[in-house]
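K.L.:
Sequence:
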Amino acid sequence: MKTLIRPLGAAAVAFALLAGGTATAQAYNLSGGHLPTTSPSYKINGGSSASRTAWSAGVSDWNNAGAGVSPSTTSGSATVALSEANDSSVSWDGITYWNNGANGVMTNVSAQLNAAYTAGYSASKREGVAAHEVGHTLGLAHSNSCVLMNPTTPDRTNCGVYRPQQDDINGVRAIYGASSRAAAQPGTVMHLSQAESFKDLKSLHRSADAVVVASVGGQSSTVKDGIPFTDHNLKVRAWLKGGSSTGSATVHQTGGPVDGALMQDDRDPLLQEGQTGIYFLRQYAPGKFFIIGGADGRFEITAGNSVSALASSNVKDVSGSLSDLVSRTQGLTRAEGSR
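Count the sequence shown with mature numbering (1 follows the signal peptide of the UniProt record, and there is no 0) and you get residues -25 to -1, 1 to 314, in order.
Worth double-checking, as some hints may not be accurate.
Unchecked claim - Once the Cα atoms are required to be at most 16 Å apart in a straight line, the calculated EDC-like pairs of lysine to aspartate or glutamate come out as: (1) K291 <-> D175; (2) K174 <-> D234; (3) K199 <-> D292; (4) K263 <-> D184; (5) K216 <-> D184.
It is worth saying that the hints were derived from the structure and are not from the lab.
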């Protein structure tokens, strides 16, 4: 996409019509925090030349967007730290995290591009992930429409969105144009950009290495480069795809405690001990998996043997019946094995 500002896409128009009005709908969402300045500086700390170029472009996109802020890169001390990860054990291609301090001022703001995914992206697609993460550093949360702050890279790419759209710009203007702001709750904030998005059970199943019916057991947490990770022990009741001679598997998830505070993505919260569900998994090491598509790849088993997707899931063709989901998944596994 060549222009910096363009009309809202079809999804945003539909959103406006569903809202019952002809005026432009406010689709942007705010994280509740803001940087201490409208001229924030960004320091790019190492990484591949492709990631460094993407970060520079993402910062420049916001500087040129007319959003009331003037971000720039620097080699000295900075408001925001940008870097690169290379982690094939997670489902995200970008991550942003920070602390909300006094009066909602964001501190210790950091963002990473995950080269395990982004190294295979086109330059424009990689720039889109970087600009998306810079949007988070300015205080924007995710929005479900054809805008830069859509939470999944495939959906942004399908919309042809790689730079701030008018709704994204309006959101930043709302943050930094405010003469007074409601105080944000102190604590840690984390947002993930999902590298994959699934709209139906068939595509979800096709991309999974394993599908299990399992309950969540004990967990252990670690922190790497300021990012917490939690390993959950799944007590597997049935393998609907893949398989193992053991009745357990380890699921790796981004999120966990940091300095006594819980950091997790609001769209894909941590699994809870005792929770039972059906999980669509990708293996990254023997016996170790992560849930594909974040919220898309997990379905909680509730009372009465029904299943429910997370509110943020993109998968829309799963009914509330546990037996139906198990039967359909097994059917897809048989069909896949017969090819």
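K.L.:
Going through the earlier hints one by one, which of them does the structure break, listed in rising order?
P.N.:
2, 3
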